[in-house]
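**Student:** Note that the protein sequences, when read in sequence, are chains D and P. Be aware that the first sequence starts at 26, since it is given in my numbering, and climbs by one per residue. Be aware that the second sequence starts at 575, since it is given in my numbering, and climbs by one per residue.
Source of the hints: derived by calculation from the structure; they are not laboratory data. For every residue, glycine included, the Cβ atom is placed at its ideal position computed from N, Cα and C. Mixed in with the good hints, there may be bad ones.
[What the hints assert, rightly or not] Heads up, incomplete: computed chain D residues facing chain P, CB under 10 angstroms, no partners named:
#  : residue
1  : Arg-46
2  : Leu-48
3  : Glu-50
4  : Val-156
5  : Asn-162
6  : Ile-163
7  : Asp-164
8  : Arg-174
9  : Gly-178
10 : Arg-197
11 : Arg-200
12 : Ala-204
13 : Leu-206
[Said to hold, decoys possible] What follows is a list of derived Cβ distance ranges for each label pair:
#  : chain 1 : residue 1 : chain 2 : residue 2 : range
14 : D       : Arg-46    : P       : Cys-748   : 32 to 42 angstroms
15 : D       : Ala-38    : P       : Thr-875   : 53 to 63 angstroms
16 : D       : Ser-158   : P       : Gln-685   : 54 to 64 angstroms
17 : P       : Gly-596   : D       : Ala-182   : 47 to 57 angstroms
18 : D       : Asn-211   : P       : Ala-902   : 32 to 42 angstroms
19 : P       : Ala-608   : D       : Asp-155   : 23 to 33 angstroms
20 : P       : Ala-608   : D       : Arg-118   : 19 to 29 angstroms
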Amino acid sequence: MQASAASVTQLLARARAGDARALDEAYAAVYQELKQAARRQLRRERSSYETTVLVHEAYLRLTAGEQPSVNDRNHLLAISARAMRQVLVDNARHVSANKRDGGGPTLSLVDHDADAVGVPGAVDVLIVEDVISALQNIDPRLAQVAELRCFGGYDIAEIAQIMTLPDYTVRRDWRKARALLMTELNT
Amino acid sequence: MSSPSDLSRALHVFEQVVELTGTARDALLDELCAGDTTLKTKVQAMLAADACSDDPFDAHDGHWHETLAAAMDGSAWIGRVLGAWKIIAVTGRGGMGNVYEVERADGAYAQRAALKLIRAAADSVSVRSRFLRERQILAQLRHKNIAALLDGGITDDGDPYFVMEYVEGVPVDCWCDDHQLNVRERIALFLQILDAVSHAHRNLLVHRDLKTSNLLVDTTGQIKLLDFGIAKQLHDQQLTAIADRAVTLGFASPEQLKDAPITTATDIWQLGILLHLLLTGLHPFNISPDMSLATQLQQLTGEPESLIKSASRTTASEAALRGASSPAALAKIFHNGLAAVVATCLRHDPAMRYASVDALTADLRAWLDNLPVLAANTPKSERARLWFRRNRMLTASLAAITVALIVGTAVSLWQAREAIREGARARESLQFLSDTLAAAAPEQALNSEVSVRQLLKSARQQLEQRSTLDNKVKQPVQRMLGRLYFSVGEYRQAAELLELGTRDIEPTRRDEALALADDLVVYSDTLAALERGADSVTISDRAAALRRHFASDDPEQTLRALAHQTLGHVEKYGWETCRKRAEAALAYAMRMPNPPPDVVLRLYSDLSSVANFTNDRDRLRQLSEQGLMFADQHHVALESPSRFTLLRNRIEGLLLDGHLLEAETLSRDAIAMAEKTGGVGSTRLSVLYSTLGTSLHHQGRYREAQTIFEHAFELMPRTDTGPRNMALAQGNLALVHADAGDSTAALRLMARASEEMNAAGIKPEDPFNIELQSTYIHVLLASRHLAQATAQLDQTLALIRKTMGEGSDEYARLLGAAMEAARQSRNVTRGEQLLTEARARATQHGIPETHLRFAQFLRYEASFALLRGDLQAAERAQREALQKMQSDNNTFTIALARAELARILKDRGNRSEARTLIEQALPVLRQSVLPQQPDLMSAEVLAGELGVSNTLPKSQT
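Extracted from the complex, chain D is given alone in its bound form (with noise of 0.2 angstroms):
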């Protein structure tokens, strides 16, 4: 699936007008999208892993030559860092699975001071993605300032204005989700 720069937009105003269908569609090809650069920062960058970059590379393809409105910036920054989630876990899970499969303890050739045995990255995307849809039932705000924190890569300044919120309440709420994320991660 190929989305066209100018359809991008078109959805976001038309899901802005009520059609629902017009979001699913622009999230499908802000997946897509993401997938794409995912697979092409692999190639080019070594050890980590800048979402925000990845996102903001998807964005500016989405919307060339065209400047969307800040409710449809702040919209699709958000449906970025959800696609990019959905990318990430959807990849862990894979991961997740193969390590399965293969079984067997694992040696040698690994670094002994990196974090070492298996495949740790997946385990712990999976247990954020745990976390975060925990939160969705609870208190969905919460979720999504960690969803655009751990996600999409944004910091405090930029969730607050995509989620226009004031820059307090996001920091606050941070503070909440990461002592949470923190704990889980180290149990």
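Use these hints to put chain P onto chain D, whose structure you have.
**Tutor:** Okay, now just chain P, sitting in the frame of chain D:
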């Protein structure tokens, strides 16, 4: 994960208490939890997490994003087939790529192996073939303690991979602890590692990534050394610059951090770290993986903690794991030699470490046998000598050196400055480094010519783009780039960067001051190359002042201050003063026990250049030969730029002595080498083509000479060449055109050359200007512009008398031109006077009777006799001239002399011999010069008179 309601309550409680502290918080927490211990534990864990200051989810330095990368990475690979191997699982992530568990895809036989995929796109054919060749070498490395390399290849994406024996084992440090090996047992196990590394070294392979995770102990208790994947052949430095950045920092040797050449001593360093860790459980530089990169680098620049100190501050349980009753007891074990052994491995200077793994092995065996270890007793100089002997082959490629310099300077800058500890600047440095390195893709690094320039260009652009970069970071990089531009002969670029890099610096420390002085010397040389003499002297003086101020006690620095002089100094003080200064400096250097070769070669170059410019043939020959011999004795590489001036002067000497064939051969050899190694800079290459052109010109091979001079001129980079050199190059070209008979082109070129000199405001008495004037006179005479030639001749001779005196070689050589003018104007009296004077001068200057110049004198003697009407004397002199010329290789001059003899013989009535001679001469003359060349024209006329012209094929042009 707790239930939604539990989670909701935990978040609620957390929010209530998180802003409180101390007992108030505890009280409210108790109250809100109301006896629910699960809830309380959960909230307490959250509060503890909250108290932790770093944010792993931060997009810039958090671990989370690495985790995401880990999650993304690799998954796509499972199930893929690479060559004969199918990936069945992700085993882990290494510094440079992933490691997978693989099995044979073809099912030929059951074999499990580990596949290491290296993320370094090997896109070009040459990189691929190099990689595959290397795979062969690694596959031949067989040792019971080295995990065998089974296969290797390149993926469709261009990433190389290695397949290795799958080792089921435990990292050596864990294994030692699990089995509670005591110190002696640990040393015994360590000897297995040494045996493996020594085996590799004997096969010219350096591991360069030795670390605990690469050293497994298998189920039978055997050490298995993994990952020879990034080890490169000792000789082959080019591909590794980038790969090495992936080395685990805790084990990285100083030379790896600086990207200096990697040698066997690199492995010795890493073995030292390893031994320290095994024996004490602590890192000798107190590095732990959770430290920031900046802190780790900072730590590594310090001195290692001694084994004894580490042992004494370790825990009782760590000591117990090593069979010691207490940390103090453990420390006591190390007193007797082991501390010295580890310290010898961990010397910053590679030359000061153990000279070989075998020497380290010998010491550890001695310790096991309760014999004294040698580590502490080997004199430093001996150790350095041994090291240099082992690593002489390590003349790294220019590309590797370039990368090393770029990285080295920035990193050592890092180490040097206190201020750099501050995070922001450190990150900038790192970013700069990595960007620069990314630009130096491995396939480019293979081609030294391309890479040096590209690398420099990209580094300079990087630097320019960073307008916010602190000058403390920027200036040293500018200076280093300036030096590199100088070394490839791009002087304008070099001058610009060196100016920026040395501006407004007031060093306060000795090492800074001396480093700056070294850079200023290069800056001064750059300005001299651009013929900005006065500026060059100013900068040179600034360098000398720094050395005197900061290191008056250091003979080497005194020598450097004494030795440096440039063309600017000649302008200011004259040749004689400069020669004396250089001679004094050379004498000073030779009194030193180990004079620095670069300075000595520089002095020989300067002195031979003075001899060259003052036409002092004996000194020119002696000094250039002595200098080159010194270079050989001190193993200065053949293609080293420090040999260049000496080589060029050696050729100039041969030209002056009339050894034209030798000069030609030597020029051609030098050109071949310069073109092969690349990166000598087109200016230097142009100089070599000029000497070749001159040797051809003097052989009368005008047409060939013309092509070569034209090429030399093309090679001269206009922007990086000063007006003197530009003008002289055009003068050379003009002269060869004139001699070939194309006077129009010659005069046009000459006019342009004079214009170039005049526009730059170079004074008429400047030695280069005088040389150009001489050339002009020759061009005018060859074009038969007699009146102009005579006028210019009078003017220039007067100038030479005033500045250089009648005793100078310039004067003597211009006498030749004056004789030619007299011959053309048929002024016999004047001509014969000049001939007498010229002969006397030549003898005075020690020119041997066999020199071509004396043959030319005889030709003039004959000409003047002919003009006088003394045909007998003319015939005798001309025959003698011809005889003298036979030993020479100048077929053109011989033909010319034959034609002249034919004219005399015809006048004497000996028409038959005259005919024979003209028949021999004409084809050669026609071959060498254009039909309108005056000598050829008069020969054609003579041939017509003798009735032979129709029997000869006509000139082809």
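**Student:** Which earlier hints can't be squared with this structure?
**Tutor:** 1, 2, 3, 14, 16, 17 and 20
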